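Sequence lines, in order, name chains A and B.
Take the first sequence: its letter number 268 is residue 268 in this note's numbering, and every next letter is one higher.
Take the second sequence: its letter number 97 is residue 1097 in this note's numbering, and every next letter is one higher.
Some hints here could point you the wrong way.
[Unchecked claim] Examples of chain A residues toward chain B, derived with CB under 10 Å:
hint	residue
1	Tyr243
2	Tyr299
3	Arg305
Since the hints were made in silico from the structure, they are not lab data.
Predicted, not measured: the structure shown is a model, and the values here were computed from it.
Built from N, CA and C at the ideal position, the CB exists for glycine as well.
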Amino acid sequence: MLVRFWGTRGSLAVAQAAGSIRSKIARALVAAKGRHFADEADAAAFVEDELDFATGGTYGGATTCIEIEATAGDGSFIVCDFGTGSREFGISAFARMAAGHARVFNVFMSHLHWDHIGGFPFFGPAFDPGSTIVIHSGHADVEQAFRRQQDEISFPVAFDWLRAKIEFRVLAAGETYRIGGLDVEVMEQQHSHKSYGYRFTDSAGKVAVFSTDSEHKIESMEGEADVANFFREADLVICDTMYSLADAVSMKEDWGHSSNIVAIDICHEARAKRLALFHHEPIYSDDDIQRMHQESIRYEELTRRDDSLEVLCAYDGLEVRL
Amino acid sequence: MKWSEEVRDGAIVASPKGKIDESTALGFGTDLEGAVASAAEASIKLVVDCAGIDYMSSRGLRALTLAKRKADGAGVKIILAAPNQIVREILAISRYDKLFGVTETVDAALAA
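Whole structure, please, built from the sequences with the hints as guidance.
Written out as structure tokens, the structure is:
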């Protein structure tokens, strides 16, 4: 199983401004200490090997879109959410379909807020008459949400003008479905208008869990045993870690999101193997996200039990092979 | 997790010992809220002597938050005193050092 992150930012798409890029270049030049690079490849190796990620790269700013390539799947694309990252995914999908990939998409929606559907009007395959897009959701009003955002008041291309064959299928929480050659288990989560988590198991037995926009309420901590069971022994848990715990239980309580340390605790309890910190706060700079990642790794070390949990930090373009 | 408490220098000083995680947080929270109620009744502050806490997971931190809500409603101040290096790091990573007053020693908390 391969998990590819096309969009990892929460709530609102963001982009690097000129000042941020200048700062990265300046920091890189200082780190190079006047070194001579023979060519661009030599310089790229320096960036890769010697600069921290926040200097040499960026976590990106596209909102939620994740692709799962299953081992021995049915050949369809498996996707989670239509955030703005789905525009880039659509471009990649066209290239792969031109090379023979099936023109079928199984898309699993966490929920229907703007940052999770806003990429759909720019998703190229929706305009392709040869493509079939099946949108799976726990929400009965999923079709209404997709149609509404393409009403003329909001977008110039009406939903009915799209050329792909588009279907909506409503899934029930607590059920396990066989879709795209994967077993897909569905969990209801705490969020405004609800959200849903998905546990994907491929035929090789690899498990990826997608659990974003999920608040773990302070008044119902005993319910986290159910979440830990959903995450049980997963090879990868992609988890909403938008806020610090202090923010999540104070000023930003009831905003529908979780923290890095609650995610680590639940993954420890679940004996999961890897956690991807996800749905990054849009006001966070790359330095902020990198610091949060480092602190999360340290917290995992401080609270580790028998098995270690690898803590990754998702960024636009990250690929994780399980 | 073991819990003890005493009245000292015009405050309740509570001294939990051991690890506070999902297996012990419920008892920790119950004891903590009991101490808040006692402090409210006596109109004195509550000092949690953290020196004996090995580590505290998010469950323990959130139990602190629930207790703080009751304390705030009853006009009781909670101060965390003398955390070991591990707990100090956890308070910083979780940003709980912004929600609670944290002192180096119990004496400093009593004097605060």
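Evaluated hints:
The interface hint given for tyrosine 243/A is met, as the beta carbon of that residue sits about 9 Å from the closest beta carbon of chain B, less than 10 Å. Contact between tyrosine 299/A and chain B, as hinted, is supported at the beta carbon level, the nearest pair being about 5 Å apart and thus within 10 Å. With a cut of 10 Å, the hint placing arginine 305/A at the interface with chain B holds, because the nearest CB-to-CB distance is about 9 Å.
This entry satisfies every hint, going by the numbered hints stated previously.
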